[in-house]
Amino acid sequence: MTNTVILTIVILTLVGLILALVLFWVAKKFRVEEDPRVDEVEKVMPGANCGGCGFAGCRAFADAAVKAPNLDSMFCPVGGNDVMKKVAAILGYEVKEKAPRVAVVRCNGTCANRPRTNVYDGVQSCKVKAALYSGDTGCSYGCVGCGDCVAACQFGALSMDPETGLPVVDESKCTACGACVKACPKGVIELRNKGPRSMRVFVSCVNQDKGGVARKACSAACIGCGKCAKVCPHGAITVENNLAYIDFTKCKLCKKCVAECPTGAIHAVNFPVLPAKPAAPKAAPAAKPAATDATPAAERTDKKKEAANE
Amino acid sequence: MSKITFRIGGVHPDDNKISRNCAIETLPLPPTVYVSVSQHIGAPAKPVVAAGDKVKAGQVIAEPGGFVSAFVHSPVSGTVKGIVSRKDLAGRPVPHIEIAVEGDEWAEGIDLSDTLVTEIPSDKAVILEKIKAGGVVGLGGATFPTHVKLNPAPGKVADCLIINGAECEPWLTSDFRIMVERPDEIVVGAALMQKVLGCRCVIGVEENKPEAVEALKASVAKLGYPDIQVLSLRKRYPQGGEKQLIDAVLHRQVRSGCLPIDAGAVVQNVATALAVYEAVQKNRPLVTNTLTVTGDCLPVERQHNYLFRIGTPLSFIMEQAGGVPEGAAKIISGGPMMGKAVSNVDAATVKGSSSILYLTEAATKRNPQSNCIRCGKCSDACPMGLEPFLLNRLYKAGDADGLEKNAVQDCIECGCCLYSCPAYIPLLDNIRQAKGQVMGIIRARAAAAKAAAEAVK
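Residue numbers (our numbering), protein chains in the order written: chain A, 46 to 355; chain B, 52 to 508.
In case anyone wonders, no lab produced these hints; they're calculated from the structure.
Hints are not guaranteed to be accurate.
Each computed DSS-like pair below joins lysine-lysine, with the alpha-carbon atoms no more than 25 Å apart [stated by the list, open to error]: (1) B:391 / A:172; (2) B:207 / B:246; (3) A:231 / B:391; (4) A:255 / B:132.
Here are some of the chain A residues that sit facing chain B, going by a computed Cβ distance under 10 Å [as the list claims (entries may be wrong)]: (5) 164; (6) 167; (7) 172; (8) 173; (9) 180; (10) 181; (11) 208; (12) 253.
Residues of chain B clear of chain A, computed beta-carbon distances all greater than 12 Å [unchecked claim]: (13) 56; (14) 116; (15) 131; (16) 168; (17) 184; (18) 203; (19) 261; (20) 277; (21) 374; (22) 393; (23) 416; (24) 484; (25) 496.
Idealized CB from N, CA, C, for every residue including glycine.
Sequences and hints are given; from them, build the entire structure.
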């Protein structure tokens with residue numbers, strides 16, 4: 046009886062020792078040399094594995110960052126400049142700060158602006174709907190409203206507004222990972238610079254139809270009239286294929302185009318609401334002083350923005 | 052009951068060929084036609100006219116934009132107003148040539164008479180050239196340029212030409228009407244294509260069209276071309292699918308990733324045969340086609356089979372047919388199984404337009420979907436032997452490799468799975484997306500392989 050117990054203990058100990066030796070040898074022989082900095086970098090990453098950086102996940106990004114000669118072409122949109130600074134500190138690189146970005150929905154085809162011309166009864170997926178036809182309004186470019194972008198967002202930053210039928214971006218949650226941009230079959234969503242104090246001016250339309258056709262389909266469409274391009278003092282606006290586009294790296298937020306646009310397709314968001322001036326009799330003159338008032342503020346913030354861009 | 056049919060899958064929708072007794076009427080000329088440059092599969096045609104040009108009916112207005120492409124001819128005489136971007140059936144912008152109609156003058160050399168020309172040119176190159184010059188494309192739905200299909204790649208030989216008179220889509224009767232009214236022309240057209248390929252020919256017609264079978268048999272007997280046979284097939288959808296018809300007639304299966312020519316067959320529609328006859332024997336290019344106006348909310352006396360000029364706006368045809376009937380909830384161009392819902396009635400007709408179908412809400416409303424219970428009805432119905440429920444799951448999981456392994460690229464988008472699903476799962480919509488995705492991957496891979504091969508050279 047005692048013998049059996051002792052024998053069992055001895056055999057198990059021996060087996061354990063042999064296996065331990067085998068494991069030790071295997072661990073030596075097949076050891077994968079890995080830069081310990083990869084682990085360190087991965088630790089400071091947000092861990093969302095969203096793919097917004099263009100790599101398969103945070104680990105892949107960390108691996109690539111360690112191997113890269115510099116960090117110029119790499120950026121984690123979710124972590125932003127803070128994370129990039131930490132990564133740079135670990136790897137001993139310089140990091141260029143990037144202006145934070147945000148997803149912008151460039152369609153204002155609300156139910157009121159863009160009347161429905163037919164009823165869609167198929168699968169509630171933008172991809173399927175866009176592959177079948179141009180959408181249930183006269184506009185063949187804008188948002189088709191099935192919410193593929195909402196489903197694609199890992200951060201809960203997008204939601205559909207039931208009143209307008211358009212997606213809404215929650216700027217506090219948006220990390221500019223670009224998943225919604227990829228999910229949108231119509232190319233409605235764009236990543237734009239967040240702007241100083243989140244102030245932005247953009248064309249909220251992607252319709253490339255000629256003015257009359259676009260206007261007929263949607264009262265808030267860009268008709269490609271070019272007035273905004275003429276009035277822009279910074280050359281930030283180009284009109285191509287009957288559609289205006291504001292280059293956010295050139296825009297100085299003067300808002301002259303906003304006042305000029307005949308259809309209201311250019312949106313200015315997050316600007317402080319100026320106190321209404323009782324002296325101004327009409328809307329048009331009121332808009333002008335507002336624009337001039339905004340200029341100095343914009344110039345001040347420009348310097349900050351330029352610094353941020355460098 | 053005929054026993055000849057394809058072996059796998061298929062469904063039996065009600066055929067509803069209500070407009071079968073409506074003789075073909077010639078539609079009046081519209082004030083303006085809009086001729087699309089993308090009326091065929093392949094590269095869009097390049098316009099060769101400019102604003103202000105005077106054109107006659109049958110004159111070339113656009114040239115092929117590539118190897119797989121086709122000529123486009125003016126369907127009317129008049130003045131070119133310009134090349135305009137206009138929305139197609141699905142609302143997408145496509146360049147169209149706008150022509151204001153003035154009179155009805157035809158280009159020189161076009162024989163407009165009704166006399167039957169039965170003599171077949173001895174040189175097959177002449178026939179092929181005339182088919183190409185006539186802008187003939189497959190009128191069964193895919194609109195693949197006919198001259199390309201009749202000219203198989205070197206080393207590939209066809210031993211049977213199948214003329215597709217199945218018209219398995221419910222409601223449609225345009226093919227039936229031409230088979231009954233113009234069987235002689237169809238048989239001559241078939242003989243012309245048979246001459247090009249140098250093989251036997253079978254005309255397959257579903258047995259719900261006995262008049263067409265009789266008419267074609269009488270024509271074949273009368274005209275006396277050798278090796279042309281008319282077969283009556285059992286009624287079953289999608290018999291008119293190329294691969295299904297080959298299986299039904301020849302009992303051969305086209306392997307995954309192969310073309311019908313790999314199984315020794317070439318399939319052409321009866322309407323294409325008619326277009327070939329007109330292009331070769333009458334020098335008359337493809338500028339007209341037949342279209343059915345029908346639907347479950349349209350009384351029989353308002354149903355029509357029209358001979359229309361290609362480029363006529365749908366809205367004009369709808370007006371001529373008495374406007375949109377009461378109760379119509381959905382307008383479909385093409386049959387109810389594979390046709391497309393029309394979201395833009397101002398769209399112009401194209402070479403492949405085959406019907407305007409008005410359906411009620413009761414007939415078209417989708418039922419709310421429930422869960423898959425793995426009953427396997429979709430797998431039983433799939434004529435390509437695929438497993439639609441599995442493809443649907445793989446698509447939802449985003450598994451492109453799995454989709455390719457399960458041959459999603461072989462889907463012919465016939466809609467049998469969707470038709471048979473008791474849970475009303477939108478199988479086809481998802482599978483079509485998956486197919487597009489996988490086809491993109493396959494094409495990218497082929498392009499990369501080609502580039503690599505060239506780099507080695």
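key: Violated hints, by number in ascending order, as checked against the structure   = The structure breaks hints 11, 22, 23 and 24; every other hint is satisfied.
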